[in-house]
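S.K.: Using the hints, position chain H against chain V.
Order-wise, the sequence lines are chains V and H. Residue numbering for the first sequence is 13 to 125, as defined by my numbering. Residue numbering for the second sequence is 6 to 116, as defined by my numbering.
These are calculated hints, taken from the structure and not from any lab test. Some hints here could point you the wrong way.
Here's a subset of chain V near chain H, in silico, CB distances under 10 Å, partners left out [unchecked claim]:
id, residue
1, S40
2, G55
3, P56
4, F58
5, F77
6, K117
Ideal Cβ positions, reconstructed from N, Cα and C, are used throughout, including at glycine.
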Amino acid sequence: DQQVKQNSPSLSVQEGRISILNCDYTNSMFDYFLWYKKYPAEGPTFLISISSIKDKNEDGRFTVFLNKSAKHLSLHIVPSQPGDSAVYFCAAPSGGGADGLTFGKGTHLIIQP
Amino acid sequence: NAGVTQTPKFRVLKTGQSMTLLCAQDMNHEYMYWYRQDPGMGLRLIHYSVGEGTTAKGEVPDGYNVSRLKKQNFLLGLESAAPSQTSVYFCASSFHRESYTFGSGTRLTVV
Chain V
13 DQQVKQNSPS LSVQEGRISI LNCDYTNSMF DYFLWYKKYP AEGPTFLISI
63 SSIKDKNEDG RFTVFLNKSA KHLSLHIVPS QPGDSAVYFC AAPSGGGADG
113 LTFGKGTHLI IQP
Chain H
6 NAGVTQTPKF RVLKTGQSMT LLCAQDMNHE YMYWYRQDPG MGLRLIHYSV
56 GEGTTAKGEV PDGYNVSRLK KQNFLLGLES AAPSQTSVYF CASSFHRESY
106 TFGSGTRLTV V
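Chain H extracted, bound-state conformation:
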């Protein structure tokens, strides 16, 4: 049982480049989330989805887009990467507000 899988684990981008982070879960969870973690900032919610085909903005959505075409996948896109988007990105899924499962993270550096 893999739980929540994030790909890639590491990536270095140049300013202005684009990329997509993939999150896949095999627990049949309805809810999925993208967070970013910065030093001294805790985890902040970027976007989330309460079901296939739906997405909503979180606390820090600017510069990111998301899509949930399939229930098990939640994609996070950066159209034009900026140094301020250097961070560790975590995906999570849940079936209930009392149970969240996190992936192991993607470390992104924008130079």
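The following block holds chain V by itself, in its conformation from the complex:
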């Protein structure tokens, strides 16, 4: 059973507009969430995170929103830039945290000029 779900395999957004990437989870024990960005032929790099005690975390152009009652989080990128074209993974720490991260399948964001 997939505990972290990203139901949109790809998303195309015009440069300058807002990109919204969605993530749903089923495990109510998750108390921390991370977003990773991945370019081709590179490893994932950390982008932004949020604790379950918050409903919003902002870092520059990136904002993550958490709706615990809906078990849903979203990543907003404003304004979208060509360098944002990448695969974005939503993840949550498994178990007590040392057990690694559980990842969604990823969303390929394409920023069009």
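M.R.: Then chain H, alone, in the frame of chain V:
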């Protein structure tokens, strides 16, 4: 500061051959992980280690073995490679659940 280094970056194996993937980190992290990424599957945890001399199974451990003889190194072994193990392998290390650093990956093809 190299972070997490994986060797080799590419490898082609014949079915039944064995190989070892090496992961090295210079951040003095306690925790290390091996993931595989397949098209449309995201990253799945193979094995992990919470300290020198310890290892544990992840989500997809079958066909793999690991060793953590030194804190900075985490080895992933394939004893008898199968085509189903064709994948991109990522190593990661962390000192805290909120901070994971990934290597650049090893692309393995088993023919």
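S.K.: Take the hints in turn and mark each one as holding or not.
M.R.: Hints and how they fare:
no.	hint	in the structure
1	S40	violated (17 Å)
2	G55	holds (3 Å)
3	P56	holds (5 Å)
4	F58	holds (7 Å)
5	F77	violated (18 Å)
6	K117	holds (4 Å)
The structure is inconsistent with the numbered hints 1, 5, although it conforms to all the rest.
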